[in-house]
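Enquirer: Given next are the chains, with one letter for each unit.
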Amino acid sequence: MTIITPLKDRRTKAGDTVLSVRDLHVTFPSEAGPVRAVRGLSFDLAAGETMAIVGESGSGKSVTSLAVMGLHPNTTRITGSIKLHDTELLGQSDNDMSKIRGRDLAMVFQDPLSALTPVYTIGDQIVETIQAHYDMSKAKALTRAIELLDLVGIPNPQVRVKSFPFEFSGGMRQRVMIAMAIANDPDVIIADEPTTALDVTIQAQVLDVLKTAQRETGAAIILITHDLGIVAGMSERVVVMYAGRPVEQGTTDDIFYRPRMPYTIGLLGTVPRLDESSHGALPVLEGNPPSVVDLPPGCPFAPRCPMVIDACMGTEPELVPTDDPQHVAACVRTADIIRQELRHGDIFPAPVLTTSELAEVPREERVPVLELKNLKRHYPLMKGAIYRRRIGTVHAVDGIDLDIREGETLGLVGESGCGKTTTLLEILNMGTPTAGSIEVLGRDTSTLNKRERKALRRNLQVVFQDPMASLDPRMPIFDIIAEPMGVHKIPKAEIEKRVADLLRLVGLEPNHASRYPQHFSGGQRQRIGIARALSLEPKVMVLDEPVSALDVSIQAGVINLLDDLQGKLGLSYLFVAHDLAVIRHIADRVAVMYLGSIVEVGAVDEVYSAPVHPYTQALLSAIPIPDPKTERSRQRIVLSGDLPSPADPPSGCKFRTRCFKYTALGEADQVKCRDVVPLLQPYAVDHTAACHYGSHEEGVAVGRAQFVSRS
Amino acid sequence: MLRYIGRRLLNYAVLLYVAISLTFVLAATQLNPRALFQLRQPPIEPAIIEQQLLKYNLSDTVPLAERYWIWLTGIFRGYWGSSPLGVDVAEQIQTRMWVSLRLLLIGTLAGIIIGVAIGAWSATRQYKLSDRAITAISLLIISTPAFVVGHLTQIGATWYNNTSRTRTFEFIGETGDVGDYPFADLVDRGQHLLLPTFVLIILGAASMSRIQRNLMLDSLGADYVRTARAKGLRESKAVMKHALRTALIPTGTYFAFSVATMFVGATFTERIFSFPGIGQYGVDTITNRDVFGVVAVTAFAGVCVLAGAVLSDIMVAILDPRVRLQ
Chain A
0 MTIITPLKDR
10 RTKAGDTVLS
20 VRDLHVTFPS
30 EAGPVRAVRG
40 LSFDLAAGET
50 MAIVGESGSG
60 KSVTSLAVMG
70 LHPNTTRITG
80 SIKLHDTELL
90 GQSDNDMSKI
100 RGRDLAMVFQ
110 DPLSALTPVY
120 TIGDQIVETI
130 QAHYDMSKAK
140 ALTRAIELLD
150 LVGIPNPQVR
160 VKSFPFEFSG
170 GMRQRVMIAM
180 AIANDPDVII
190 ADEPTTALDV
200 TIQAQVLDVL
210 KTAQRETGAA
220 IILITHDLGI
230 VAGMSERVVV
240 MYAGRPVEQG
250 TTDDIFYRPR
260 MPYTIGLLGT
270 VPRLDESSHG
280 ALPVLEGNPP
290 SVVDLPPGCP
300 FAPRCPMVID
310 ACMGTEPELV
320 PTDDPQHVAA
330 CVRTADIIRQ
340 ELRHGDIFPA
350 PVLTTSELAE
360 VPREERVPVL
370 ELKNLKRHYP
380 LMKGAIYRRR
390 IGTVHAVDGI
400 DLDIREGETL
410 GLVGESGCGK
420 TTTLLEILNM
430 GTPTAGSIEV
440 LGRDTSTLNK
450 RERKALRRNL
460 QVVFQDPMAS
470 LDPRMPIFDI
480 IAEPMGVHKI
490 PKAEIEKRVA
500 DLLRLVGLEP
510 NHASRYPQHF
520 SGGQRQRIGI
530 ARALSLEPKV
540 MVLDEPVSAL
550 DVSIQAGVIN
560 LLDDLQGKLG
570 LSYLFVAHDL
580 AVIRHIADRV
590 AVMYLGSIVE
600 VGAVDEVYSA
610 PVHPYTQALL
620 SAIPIPDPKT
630 ERSRQRIVLS
640 GDLPSPADPP
650 SGCKFRTRCF
660 KYTALGEADQ
670 VKCRDVVPLL
680 QPYAVDHTAA
690 CHYGSHEEGV
700 AVGRAQFVSR
710 S
Chain B
0 MLRYIGRRLL
10 NYAVLLYVAI
20 SLTFVLAATQ
30 LNPRALFQLR
40 QPPIEPAIIE
50 QQLLKYNLSD
60 TVPLAERYWI
70 WLTGIFRGYW
80 GSSPLGVDVA
90 EQIQTRMWVS
100 LRLLLIGTLA
110 GIIIGVAIGA
120 WSATRQYKLS
130 DRAITAISLL
140 IISTPAFVVG
150 HLTQIGATWY
160 NNTSRTRTFE
170 FIGETGDVGD
180 YPFADLVDRG
190 QHLLLPTFVL
200 IILGAASMSR
210 IQRNLMLDSL
220 GADYVRTARA
230 KGLRESKAVM
240 KHALRTALIP
250 TGTYFAFSVA
260 TMFVGATFTE
270 RIFSFPGIGQ
280 YGVDTITNRD
290 VFGVVAVTAF
300 AGVCVLAGAV
310 LSDIMVAILD
320 PRVRLQ
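Chains as they are written, first to last, in numbering that gives the first Met the number 0: chain A, 0 to 710; chain B, 0 to 325.
FYI, nobody ran anything at the bench for these hints, they're computed from the structure.
Since the structure is predicted, the reported quantities are computational estimates derived from the model, not experimental observations.
Below 27 angstroms or equal to it, Euclidean Cα-Cα: the simulated DSSO-like pairs (lysine-lysine) are:
(1) B:Lys236 x A:Lys7
(2) A:Lys137 x B:Lys236
(3) A:Lys137 x A:Lys98
(4) A:Lys453 x A:Lys491
(5) B:Lys240 x A:Lys139
(6) A:Lys98 x B:Lys240
Please model the entire structure based on the sequences and the hints provided.
Expert: Given below as structure tokens:
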């Protein structure tokens, strides 16, 4: 990596304040009335430090970043003060702000796929950034662009600088965005959910790049995220926002180990942990974040707070110092929390869940409800507009064996493009796969006729990822839940009764049945989706990323609901997710998929505490853990590169092109990886992995740090 | 790229052949040119009618397949057939396509360019008074039939000519009384083009502005425009260089089609302003039971549309690197 020649002299030394925000208020007009998106935010950002702003959607964190950048439309009312090196930014004309934007203040946006202009080369776009502020020749700016691309780890930058954005993967584009952000040696980089749209292994790479960029430029970073794991690993200080207000501010250790505001405590306690085995209910933050359009007086968190007292209802509490003057919290009960040393377990008791009788039955004695045997789904790869011809095969799913038994949950994990979704679609399709077989309740789906298939479908239902898109906005939820029953000719009177029962079962009011999906929050909509899936009393539920579109505080409620339903109804789940922490909490067994194959499968605690396959190890190690001390001591296995194309998978072991173990092997040993396809081999009672050189050892995943079950 | 276009052209040739053949079958069986002569006063001898029809390969006593074969082999000799009265249809198309082009060239191009500019500008001013006014006016123009717009402008022009006692606006035919000063014929042609060009511009600009406004709104809200702003580009530059540039990709397709189909003419505008172009000819061939005229106009239109398709593919490839490089 090259050191980039600085474009300008630093105006600050490390530790000096570069950005100072005081009493920031952002209000924009809407049809429902003024939206008070940010209400009184203050912070100082020191040169070279990383400060995280954490909050759920609608908490005002992205609005804050746009206010600092001066990118809100004119109709937005912004008051308070934003000072960069003692220069007031609020009230500056757009022309003056344009001179500061991109030079002293830079930004990395969430979605790298849409943040680059598709019609210009990335070189041109970086050059544009430089030339917008400095009188530099095109050739010189291009040389700098190549240096920057090299710095952010784009291989072969001299050639790639001429590429267009669509020729890059998502992770690569985010690197380009970072290169663009640091092109003019900014004092402050605002990274707004920079890795949310990326896979975990790519996320680890991009976070690394961001740290490198910070080291090279000495810029301060404002990291906006909802992921507490990233906060723990990246930031020195944290601002927690709720309903447009900062509710707690302090050092990262203060926030994670000594949270003093019930919302922070709840947020930290409600996320399932990757490094802790936990079965049973998650502590839940009841309710939903309030709308900032029409806030009632008092603490906005009061309606959801288990510690609420009368004093909370009067006026909104100010941020006041806790036991440490640098650590401030906005809560009238802070003193009680400090005195009694309250933890989330004390404040947010976990609900009691129904456990199934099946839990007592050993796995071997349970009936398999879904079995995949050597399942393959290949797609032809076509080329040509007129004479379409086959030029290859996409090995989307390439021979997988899985079985799910009665009452158990199988988690299926892997990066996007690994074949998870194809597997799900094959199962739901209940047709004839390219090769192998699918057995639902012991029936091979390829032998079914139309009528039998419809009958069998009752037993296999699905819940989709996006609760906004998966419910028809023009149907009242009664119709949505009743529709599957209508298809299967269940008598009308019974349908009415069942819809009410189902709504109660998933924790919604039966008298809300005539409302439309738009009247419900994300979490409630996902409950409606679950009710719809349950309406035919299925045996197996296929859950496709059911909680990944939900806010952290809402996730726990839905996970608990799924857990509880499994206990009550004896359901089996196939749970697809990219969030490995959620899988660890909810699943009994986990299967790790890579490029159409299962590379490791076994009991959850077994696989998580002693992963065998290098890919599983890398995947687990890439996931940030919401614990600053653990994060600091971890050594990440950062995989190089992106997922290869399933149209042209590597020979032998498909993972070898990214495998750190492969590179460490001698030439003689590598031959086996190149030529022989590894098969799943047993390592423990319920634990198999497909690696020629797999080793079964505890604590590998978190980079040789502690990684043992704590319950 | 050349091989790609070549393959595409071959495919289009087959498509065109099928389309023209089907038109031939339809026209030859439905138009009945015999009736053209049967209605004559004084009546013509049936034998003479038959002789005339046979001469131009139009007699329904000859089997359809045979007529088709005669027509098809004629095409390879460059002969596209004649009208029942013996006018060569290929010659007609050759002269008339240039009439259409002269009429349409300025109006169509200016209509598109003005429409794109207005649409893009009003998108940046979404829901402001100017945007709402443009929307209202363009919707009014779009929903007014072309012949109403044409006649209204003629009424206005007549009024102007009368009150100013000049003959500024001419609106019958392509040329009229030519004076004897330098470039008098050009001035005369220009005078005749004023009104139809104006009509074409407002009709074209009105519909184009709607399309461009929507395209522009999509790209204005795009993340990459925000990125451009975050880099430090001023709003106007970010809009022109990033938003408008991407919003022009679909417009390129539309533009290519408009250019290619200009030769096909604009039926109503030609009618109202008495330009003997292809559009008018197309309607005339049907009323005159001119079987080969109908087929030839269809074939010509087909060639233009397919040329438009090829042009638009090239245009998109120029504008969009994603198409060019993949």
